[in-house]
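Enquirer: As a plain string of letters, each chain reads:
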Amino acid sequence: MMIQQQVVDAEYLLLQAERKMAFITGSEAVAEAIKRANVDMAIAYPITPQSESMHLIGDLYAQGYLKDYYRGENEFAVMAGIHGASLGGGRVFTATSGPGTLRAMEMFPVWAGSRQPVVCAFMCRGISLPPSIQPENIEMSMLLDTGMLMFHAETAQDFFDMILKAYIIAEQTEVHLPVGVFADGFLVTHTRDQVKLPPENFKLPAYTPESAPVPVFDMETPPMRITRDPLLNKSNYISYAANASWHQEILAAADRARKHIDHYLGGLLEVVDPDAKIFIAASGTAVSQSREALKLIEKKGVKAGLIKIKSIRPFPKDELVKITEHAELIVVPEFNAGGWLAREIKSVIDNNSRVIAGPRVFGGMTLPPELIAKEIMQRLRGGSEYVE
Amino acid sequence: MSNRIITPVAEFEDLLPDDYKDLINNGPFFEKKSIEDLGSFKEIIDDHPHCAGCGVALGIRLVAAALPSPEDTLIVGTPGCSFFGLSQTALNYSTTAFGNQNAVASGLKRMLKIRYPERTKDVVVVVGDGGIADIGLDLTLHSWFRGEKISTIMVDNEVYGNTGGQESGMSRQGKVLNMAPNGKLFPKLPIFDMAKISGCVYAARVTVASPAKVGMTVRKAIFLAREVGPTYVQIYTPCPTNLKFPPNQTLNIAKEAEKDYYSYEELMTPEAKDYLENNLK
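Chains as they are written, first to last, in the working numbering: chain A, 376 to 763; chain B, 49 to 329.
Isolated chain B, as found in the complex (with noise of 0.2 Å):
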């Protein structure tokens, strides 16, 4: 959008609310801001009804710091956890029927290109690891075999939070949640290695723990997604509530998957490496 469809006319500018101009005058609309610059600027998303040390509230957070235009990005969800903060970002946000988001993403993404063809709109799905993983799976697979150009980025806290802490595709296995009462049978599913072979250009799986990770990984994976094709980013985001450690532990126990098991890695085609280069600084 164009930056006189925000700036308000200084005839009225009194009359709104205070957020709305902390947003115009220090926010990152139309003035490149990322992770690195966060507590200097207004975020599009400073408030939320997450529970303490929720990391996917703390995901959100980053994304929404790491979009490389949110004056023209579109998110689109899926009822869940990730809702609650998404909700209030200062963006077009959509969320519709469990687990479809692929799908309305998909639709969005060439809509907005047959209306605005000479102009790019990122269309961003941001959903947890149930949506992406489980009931809306099969969406997400097609959408990357079409070739859609779009970004997914899974907030993927390994249990249904936002139900009570039941066992998702994405829980590890032998781990005792809702659902599970003996454990989960077998393990985490592999999305990751599923989106390189699925049709996505670019893949980095990430932690809460390595801000200047995610905001990397996801400047590079909605970059891409404009021209190549689509992307993936799985962030891991451990929840306090249901995988039962204390709230001021969530980056600890970030860093520890990411030791362990949640190690960094980054795939990308040899397209999608030649783009950056010439088109990332």
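Okay, chain A solo, but in the shape it has when bound (with noise of 0.2 Å):
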């Protein structure tokens, strides 16, 4: 039996009902999207820190929130699973963590080549080798250019609106696109946090498939020599340009998703004290130390301001660069090794040797913010033995 929940507006569920506080995990945070999100089908495979919200989402199944559910037998199988369900035209979720994400690796560019809005959850984690299940997101710049949308959550308040608010954007007819919603893994996923839900018995319109830009693969549309996922591998000058069109196609909807991302996430990221000259910039959990450093900072008299970003793909770049116009330092910490937070912000922005990239940490080693508060004071007295 299905759970009877109102369909009420998107535009009311996701911006203007009344919320309640909750005392939840960043995986409870998850399930409660989901319960709200009038979700068709989702699949699960095990993944730590991944697998407590898919457990959640199985016992939704069983209280008759979805309509089907199941374990997969890899994640490369669930991705693909999952593909196969969302060409069938419904609403689908999964989740997964670090090599997970990478096991699964080429379905990604699948979905987005599919036009598919399908909306996965990452609980980032580290990748071997050597192995680390503790939180840590070099995943994400493996993703970058796969054509996905990219969130970064920086609680679980972050954690539950962006999944919500996923589906809405992924199924615009001029994005539709699949989006991933990352949280750094244990940090947001495994802590308690107050967290503002609208009513359970809410749920968002149905997915409409027939409002895709491509056709519904359910043989419901004639059926002329049409193959659904694009075959343009014949070699001639008519497939590359057809194939290269495609994807440009793809990077377009990307953009013209920047509008529907400011009206539902409130912008693409978020600063506090706009006119300063420091900044931090960060997304993910790094964000939340970095409020930490910049109360730590504030104490010796140095004044600084904070950029989150939250939207990964498309990148905040017009609004970056608006931002540290004046800017004379701006420091990225990150929860990865490779640092690839400050390497977008030094591709987007001009005299790119403002950008500091670190204090980054990695293999389980947390983010104290006296850490990024250390980083910003050296740079201010010139000391020089962090210079790259």
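Keep in mind that a hint or two might mislead.
[Claimed, not checked] Dumping the calculated EDC-like pairs for lysine to aspartate or glutamate here, alpha-carbon to alpha-carbon at most 20 Å:
no.: 1; chain 1: A; residue 1: Lys-652; chain 2: A; residue 2: Glu-585
no.: 2; chain 1: A; residue 1: Lys-670; chain 2: A; residue 2: Glu-745
no.: 3; chain 1: A; residue 1: Lys-749; chain 2: A; residue 2: Glu-673
no.: 4; chain 1: A; residue 1: Lys-609; chain 2: B; residue 2: Glu-166
no.: 5; chain 1: B; residue 1: Lys-80; chain 2: A; residue 2: Glu-595
no.: 6; chain 1: A; residue 1: Lys-674; chain 2: A; residue 2: Glu-745
no.: 7; chain 1: A; residue 1: Lys-609; chain 2: B; residue 2: Asp-94
no.: 8; chain 1: A; residue 1: Lys-749; chain 2: A; residue 2: Glu-703
no.: 9; chain 1: B; residue 1: Lys-223; chain 2: B; residue 2: Glu-166
no.: 10; chain 1: B; residue 1: Lys-161; chain 2: A; residue 2: Asp-443
no.: 11; chain 1: A; residue 1: Lys-721; chain 2: A; residue 2: Asp-520
no.: 12; chain 1: B; residue 1: Lys-80; chain 2: B; residue 2: Glu-59
no.: 13; chain 1: B; residue 1: Lys-307; chain 2: B; residue 2: Asp-322
no.: 14; chain 1: A; residue 1: Lys-675; chain 2: A; residue 2: Asp-648
no.: 15; chain 1: B; residue 1: Lys-69; chain 2: A; residue 2: Glu-595
no.: 16; chain 1: B; residue 1: Lys-161; chain 2: A; residue 2: Asp-693
no.: 17; chain 1: A; residue 1: Lys-571; chain 2: A; residue 2: Glu-393
no.: 18; chain 1: A; residue 1: Lys-634; chain 2: A; residue 2: Glu-624
no.: 19; chain 1: A; residue 1: Lys-442; chain 2: B; residue 2: Glu-166
no.: 20; chain 1: A; residue 1: Lys-678; chain 2: A; residue 2: Asp-637
no.: 21; chain 1: B; residue 1: Lys-161; chain 2: A; residue 2: Glu-595
no.: 22; chain 1: B; residue 1: Lys-236; chain 2: B; residue 2: Glu-313
no.: 23; chain 1: A; residue 1: Lys-721; chain 2: A; residue 2: Glu-745
no.: 24; chain 1: A; residue 1: Lys-652; chain 2: A; residue 2: Glu-703
It is worth saying that the hints were derived from the structure and are not from the lab.
Just so you know, these numbers come straight off a predicted model, no measurement behind them.
Take the two lone chains and join them into the complex the hints point to.
Expert: This is the structure:
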């Protein structure tokens, strides 16, 4: 038996409905989002720290919130099953972490290339070798060019909102792309936090496959010689041009998502103290650590601003250029060894020697606010030991 | 789908391509056609870019003609030789990543069941030996273990054709192929035997030299997948280009194989047998 919930306007559910405070983990926030998302089907496969959220989605299925749910045999199979289900014209959900993300890798560009509005949560963790189940978001750098939209949650509240809102952004006809919603594993998934939730008897309107910019794969459109997924690998110029324009259209669709992200997420980024000369720019839980670092340096008489980047794809290029126009120092703390966020920021702003790619922690290390504060203070004193 | 979806309105009919009109007026949609009728109706695949004498192309043609309800059939494939012909069939065809077909088909079948609970949508996997037995073997087997209601059809050319004639798990022992410079060191993978212990309610092994048997087994497999459980048909579709025989010898090669090591075989569970006796005339 399906649970009876009231379908309400997306605008109302996402932005206006009165919310009540709950004290829940990030994994529970994922389930709360899916409970209200009118999802048809989910497929699960265990990996730490994602597993708990997909257990909870399984419980939702057992309670009648979803119409189908199963455990797949590995992440590649899960993402392929999710692709098939999405092709069939319904709303889907799955989640994974670190090594699971990499095992499933071949499917992410397929989702984007096939224009499926899949929403997938990534509870980021370390990637072997050496093995680590600890929070680390290097996997995000590997997904930057898959064609997916990518949102990075700072808190359980973000995780809830970004997942629920991702469906409505993903399913816009002019967008119709998959969305990855990322949170740093454990730090968000396994800690309790205050999360404001709209009523649980409300849910989003169902997905309407007819609004897709591509035919639904259900044999309900005239069956002419159309391959649903573009098969454009013949060796001739027309094929190359068609293939190239298909890719360009995916990039353009991600660009067209900007206004919807502005509307539903309140912008691709958020800024504290936009007139500052010194900024910390971060995404995910590094933002929370940076908020604490700001307090530490303020005690030493240094004022700095904070740029929280919520949308990694599309990337808030113009916004960053504008905000950092008069900035002298931009410190980018990250939970990964590669420093991908700093690279992204450097690639869009002028005079990018202003960008300090660090501090970076990985392998299970925490990111103490003192470390971020120290980085800023040393730069201000002209310290050279951290210069790259 | 309903007949009305494909029937053109009179005012626009003459603007449509001849190919389309031919399919609507003389095709297999809503009018039962079978392999025995080949040559007398417009087929959903009548053009393909495969090599001369391609066994896979013939296999696809026979499978397409045997579909009991092409108007409600969705084919899932994988990259390889098979997708060239399949992408030109006049029904929904999807091919995405290598070897993922049975997982895609699982998700698709379940979602179509959610969206069309009262109707039959046949989800049929048509893939070569590499896709099913090598790179996609775990996904193939798990779809059977789970009891997914899909039909899996292998067009077995015993080689990786599209990539240039490399050894596959379904190649014969001793065969010298690319990546098997001293000949293949182990026998053909026993996928047919694995089907029966992995949850398939029906499994059949045929060759393109016996078109009537291909038609019958494909039809049974699709009927059984609707109600009873997963089904598997393995069709030998020899490859003249990579197995190095003249293209006009494809049927002879298949006939020889049928006598030698590719004998016709059909297995089914008692439940499947009952179902066929009661439902398939």
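Enquirer: Of the hints stated earlier, which fail here?
Expert: 1, 4, 9, 12, 13, 16, 20 and 23
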